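Chains as they are written, first to last, in our numbering: chain A, 12 to 619; chain B, 12 to 619.
Calculated from the structure, these hints are not laboratory results. Predicted, not measured: the structure shown is a model, and the values here were computed from it. Fair warning: there could be bad hints in the mix.
Identical copies go unnamed one by one, so any copy, or any two together, can satisfy a pair.
With a Cα cut of at most 35 Å, we get these calculated DSBU-like pairs of lysine-lysine [claimed, not checked]:
no., residue 1, residue 2
1, Lys497, Lys378
2, Lys507, Lys34
3, Lys440, Lys529
4, Lys529, Lys344
5, Lys418, Lys557
6, Lys529, Lys565
7, Lys565, Lys583
Protein chains: 2
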Amino acid sequence: MYSSLKRFLIGKPLKSTELGEQKLTKLKALAILSSDALSSVAYGTEQILLVLATVGAVAFWYSLPIAIGVLILLTALILSYRQIIYTYPQGGGAYVVSRNNLGENAGLIAGGSLLVDYILTVAVSVSAGTDAITSAFPQWHAYTVQIAIVLVILITILNLRGVTESASVLAYPVYLFVVALVVLIGAGIYHAATGGITAEHEAAAVGTAVPGITLFLLLRAFASGCSALTGVEAISNAIPNFKDPAAKNAATTLVMMGAILAVLFSGITFLAYTYGVAPKVEETVVSQIAEHVFGRSFMYYFVQGTTALILVLAANTGFSAFPLLAYNLASDKYMPRMYLMRGDRLGYSNGILTLGLASIILIIAFKGQTEQLIPLYAVGVFIPFTLSQTGMTLKWIREKPQGWLGKMLINSMGAIITLTVLSILFLTKFGQVWSVLIFLPIIVSIFHRIHSHYSSVGEQLRVEAGYVPEQIEGNVIVVPVAGITKVVEHSVNYAKSIGDQVFAVYVSFDREEEVRMKKKWEERHPDVRLIVLHSSYRSLTRPILKLLDTIETKANENNYEVTVLIPQFVPKKGWHNILHNQSSVLLRTYLLYRRNIIVSTVPYRFSK
Amino acid sequence: MYSSLKRFLIGKPLKSTELGEQKLTKLKALAILSSDALSSVAYGTEQILLVLATVGAVAFWYSLPIAIGVLILLTALILSYRQIIYTYPQGGGAYVVSRNNLGENAGLIAGGSLLVDYILTVAVSVSAGTDAITSAFPQWHAYTVQIAIVLVILITILNLRGVTESASVLAYPVYLFVVALVVLIGAGIYHAATGGITAEHEAAAVGTAVPGITLFLLLRAFASGCSALTGVEAISNAIPNFKDPAAKNAATTLVMMGAILAVLFSGITFLAYTYGVAPKVEETVVSQIAEHVFGRSFMYYFVQGTTALILVLAANTGFSAFPLLAYNLASDKYMPRMYLMRGDRLGYSNGILTLGLASIILIIAFKGQTEQLIPLYAVGVFIPFTLSQTGMTLKWIREKPQGWLGKMLINSMGAIITLTVLSILFLTKFGQVWSVLIFLPIIVSIFHRIHSHYSSVGEQLRVEAGYVPEQIEGNVIVVPVAGITKVVEHSVNYAKSIGDQVFAVYVSFDREEEVRMKKKWEERHPDVRLIVLHSSYRSLTRPILKLLDTIETKANENNYEVTVLIPQFVPKKGWHNILHNQSSVLLRTYLLYRRNIIVSTVPYRFSK
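Just chain A, with the same shape it has in the complex (with noise of 0.2 Å):
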């Protein structure tokens, strides 16, 4: 039942050798793993406008040189991660890079916020498209949490299913929203070109002095615009996805990437500039251009139903990228061993199942809303983005490779910017940021003690050279027996056979039992020594764990090794197995738990 339920949801196992099949082209890449940079067009530029709203609609000139500062921003991000594609074909993003440039604690805590924020990334994106469903079908409301659920639910088993076919279903969508956007721009600049289109507001010239204006707000409103960059370093992390040459066809993934992202998102600013375009509560910005453009045609309803797809979507980025992080750190033993196993369908299911509960859990705890994490999901990403990019200043420094002054000095600008917005980011909204402060190290003190474990664990079984293992001389064997069965009788005769001495144990709670059971084994097994506990508490395990003291100490004297038999029924059905006294399981877990001692389970099995 259950294994033909998870074919139907997840496919037919594949071999690992269809390993090669399951890997992305450029044009699948780059829909599977910029959904999340690309849906942040969505939010980009009104992030910007609402800040400078603070001072008022004069201010919304200033969108424009602010944009220019994110697509410098976007264009050093894109050079700096070119490289890091080029450097660490194998993968790993900020994490690899950062650990090997900076040290092992740099490494963990990019890995971590990186982790940390996937799960952010699914939980946000989701709520997002659940919000975008929700205002479009206002009946709905009341079931957010309950619909966001079975999203995550729904893009969890499409990973599981694999890569590419997961890639298939989400393709669409995003070639979709970006032809809607390129269309959407595309008329307004002919609109506003051709004059056809009065503006809501004429909106200021640019260089109109505003009063009230300060450099903090201009650091804060390009920080909030420097959200729509989240997502730009998938790609790095998910190198070995792409089919071969992969780190040439990633490169180039992600200059197409970078080149979409700065359409959309300059094409989007200008546009709402031109039409003199205001943050409103109850519509975005994007929705306001599109109406303007469009009117409320069906275009208008393209771009803002591609809009809420691509929103739910962003999510998918998540999914490829936290396996592939988690896999590199537990080869590197800082995280469970469980995350290096692929699954039926060669993903790393268990990597996708974490990120998927993870998600889960967050968008209950809180119930749904959970916009307030978006500060902390751009602090999550551009610490992992400064880490790295000063790591890939620091090697080339140390390396001096042919050439290496360019490459230096890109990657050292992609770290000063990134630096900056960080610290904008903490002086400008800490109130929403300081909890990164305690998860973190709380993180990679995991990290560590996980390390930590996992070290003295490989000492503690390592062979060395000259080991030579603890001779074993003989065998005793202890049988608990209750009665004489032909279970009993098995165990016996299996225990003379591999044993050089065997003992059966009687626990007797009652005296005349004893007596009958004694003059029973007597005629039966004359040549085993029954020994008989009598148990005043009616238990059978502290007894028997009593004299296995003795026994052990007696064997390990003598080099013997000490085993037990105990026996154990299979029923039939599964019901039946209450009916037997589950005393035998309760033992093994002592014995293993508790002694150094060898526990055989001799099955019988009930033919009816």
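Go by the hints and put chain B onto chain A.
Chain B only, in chain A's frame:
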């Protein structure tokens, strides 16, 4: 932690030999076993008047002859049960009597309906007691279900502590209730005799013609009054709990209980008639009488308080009888073996816990409104009453001991009366009791299925005189290895010491690793054959199971036994377990439940 909490709640474990000290004196037994029967005085008279009131107050005088009928029934029951106690001093009541004399199915019907009945007793009495409490403190009304659950938990804990300790706590309220009602009746009769109080309504004289009265109505009133007799059987089920001479003490206690019940019931019925009390929705009959006699004085509240308390304590009767009945059914293999075991304090803990849990489920399912269950509960008592009396009658006829005719007459009278009551219950309240016709067959069929499972298991395990177990000619040991570690070294060593043939099995996911492993293995263990299995689907268990098929077939041909050694890491700290793949647990479960293979778990304890 768990064990110290348990000790705090339940008390220190007792030795099996301390059992005698836990037994009941007559006076304590009276308190602990009669609270159910005595508490029905609180509503018995009211049930009769409620039926008569449908014709009019003029019919109330019929309550006197009906009460006499109930008293006759009570006398018949007490006499019958006295005979049962002496004949079956080992206890078991209706179940044992019916099974021995009427056959298996009659016994199981009696046993099954009593089991359900005890659960109903607990749920109904605790709910009634809770209603009494929330009537006094209306602000707690919203928490009826919670209060009832807490009460059940408290009574469960008291019973887990052991029979006499519960008795000490629970005895006083019963005594106080008896004292309160005796004082009430005495004072009431005195006032009536001295003419100190005028009746509320002038009661119609005995013999007054009542228009509209029918035999059906009178029978119904009689059947309702018989609800005062539930709980009479409790003593006969609990004889083993009495101090020696158990049977004699139990019989004496039964007669004492009958006498008290007769006095209280007839007293209350007489006073109700004398004072012309009519049943009211908002005030019980006992409360009205008490108010007439004492006014709203201390004595009034004393009567009300002890009545509420005894209703709650009536639940305790179920806790005394259910575990013993479950023990009887389990020792006849109709119920799971776990009901045979005595807990730390020598009570049958599993029965006590099952009863507590089941009644909590009933309380939750009926949201604390369990009054609808009362007729069902009466039917559940009168079925075993009828069966056991019939069984006794047959017994006397078959065995014809000295004086059998008198005994037979007593029991057959009992059988006829109880069958009549049962018929009346079915006739007059079918709508509320039909479900018994569904759940009783289900319960009986479950008993049969359990029985047939145990019988077939017993048969399969039984060692007959000439039985010779299969000989074991040698042992094949299979050691799954994941690399060369100290754990593997130890396992291989152990395998060599117990086995005649040792195979190491390595499941590879990667061709390169495979080659490396083979080379290393041959260097270190040239004498142990390494079987390498390549797993295309990244599954560990599937290839191993396939290999074991082959090995098993071969081994069976030569009478070799196959043992698989599975290493198990035992980390120092619990949370470390999630850092290790649990594939060993999975493999062991698969092997035990799917194959006939002995699984040896070799623990490896990490020292840090």
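Tell me the numbers of any earlier hints that the structure contravenes, in ascending order.
1, 2, 3, 5
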